[in-house]
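A.B. asks: Kindly generate the complete structure, drawing on both the sequences and the hints.
Chains as they are written, first to last, in the numbering used here: chain A, 6 to 125; chain B, 284 to 427.
Source of the hints: derived by calculation from the structure; they are not laboratory data.
Ideal Cβ placement from N, Cα and C applies to all residues, glycine included.
Any given hint could be a false lead.
For each label pair, taking beta carbons as the anchor points, the in silico distance ranges come out as [unchecked claim]:
{"#": "1", "chain 1": "A", "residue 1": "D109", "chain 2": "B", "residue 2": "V427", "range": "24 to 32 Å"}
{"#": "2", "chain 1": "B", "residue 1": "F377", "chain 2": "A", "residue 2": "K12", "range": "28 to 36 Å"}
{"#": "3", "chain 1": "A", "residue 1": "R76", "chain 2": "B", "residue 2": "V406", "range": "19 to 27 Å"}
{"#": "4", "chain 1": "A", "residue 1": "E41", "chain 2": "B", "residue 2": "Q419", "range": "53 to 61 Å"}
{"#": "5", "chain 1": "B", "residue 1": "V427", "chain 2": "A", "residue 2": "G67", "range": "12 to 20 Å"}
{"#": "6", "chain 1": "B", "residue 1": "S415", "chain 2": "A", "residue 2": "K12", "range": "17 to 25 Å"}
{"#": "7", "chain 1": "A", "residue 1": "N103", "chain 2": "B", "residue 2": "Q419", "range": "36 to 44 Å"}
{"#": "8", "chain 1": "B", "residue 1": "D390", "chain 2": "A", "residue 2": "T55", "range": "48 to 56 Å"}
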Amino acid sequence: MNNRRIKNIIEALARHNDEDSIRVLDELGTNCPIDEIREMTSKALIKKNTHKSLETVIVNKGKGINDLSARVAMSAINELLALKDKTEAIKILDDTINLHSEKDVQDTARSVKALMSFSS
Amino acid sequence: MQKISPLRASVAKAFNDFKANRAKKAQNNENLHTNPFGITFKGVLLQSDVFESSTAAQKPALKDRITSGTKMLASAWVGTINKLNSMKSAAISFGRKIKETTKNTIDMLNNTNVEFDIFKYNVSRLQKQPVSELEQMFRKELGV
Chain A
6 MNNRRIKNII EALARHNDED SIRVLDELGT NCPIDEIREM TSKALIKKNT HKSLETVIVN
66 KGKGINDLSA RVAMSAINEL LALKDKTEAI KILDDTINLH SEKDVQDTAR SVKALMSFSS
Chain B
284 MQKISPLRAS VAKAFNDFKA NRAKKAQNNE NLHTNPFGIT FKGVLLQSDV FESSTAAQKP
344 ALKDRITSGT KMLASAWVGT INKLNSMKSA AISFGRKIKE TTKNTIDMLN NTNVEFDIFK
404 YNVSRLQKQP VSELEQMFRK ELGV
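C.D. replies: Here it is as structure tokens:
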């Protein structure tokens, strides 16, 4: 496994205009057992800043801000905080807080939303 | 008169001797005319006929000179031909060497799969490729 190649592929998928790139990142990146790749994938999905890509890292349990690895979760949160346009992210966080079935996911979303409101 | 006569006779004798000497000298000068340096050998004055040109004696005959000239020309021509032949063979061997090296390089390039990661995995280049290709590459790298 060549980390530089993987990093470049993930970066290329993050910049790609095709919506299918989100599916590839979600399917291969966020489900990867390697923390580093999950971290890079979460960042790439957040950078895309689309409804579908943000949903993947905010709503799904065990992915993005809900990742079991604190490092991956913190990186995802940092990336969300670094977004210039946070509108879509806050909307999804609100929906998650109000509508998600899992309490843990709701709590995480609430915390992140609080951080985002402080940072903006 | 008797007293004067011996004096006169001696003067006349002296005059005659002088005359004879002068005539002799004049004759010698005439002989020396072709020998301007007046070189003598054992007291004998050498005449110009005695000298012989040493170069004339050593100078080869025209036929010999032509023969030796032809030989020299032939020798120079053979030398030039040898030189040209050696240059020709050197040029041919150099050409063969270049040809062989080029052939080897082409063979090596044909048999080697040269992969430049810097270009192949360049982000700008990758993002222009279809997602399906990127997915395949991603899977390959992950070993999935």
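A.B. asks: With reference to the structure, classify each hint as holding or not holding.
C.D. replies: We went through each hint and held it up to the structure:
1. For the hinted restraint 24 to 32 Å between A/D109 and B/V427, the CB-CB distance of approximately 28 Å keeps it satisfied.
2. Checked against the given bound of 28 to 36 Å, the beta carbons of B/F377 and A/K12, roughly 50 Å apart, lie outside it.
3. The hint said 19 to 27 Å for the Cβ distance between A/R76 and B/V406, and at roughly 24 Å that hint holds.
4. Remark: the range hint 53 to 61 Å for A/E41 to B/Q419 is contradicted by a beta-carbon distance near 21 Å.
5. For B/V427 and A/G67, the Cβ-Cβ distance of about 18 Å falls inside the hinted range of 12 to 20 Å, so the restraint holds.
6. Between B/S415 and A/K12, the C-beta spacing of about 20 Å keeps the proposed range 17 to 25 Å intact.
7. Judged by the Cβ atoms, the range 36 to 44 Å given for A/N103 and B/Q419 holds: they are separated by roughly 40 Å.
8. A C-beta distance of roughly 51 Å is found between B/D390 and A/T55, which places it inside the suggested range of 48 to 56 Å.
Of the numbered hints stated above, those contradicted by the structure are hints 2, 4, listed in ascending order.
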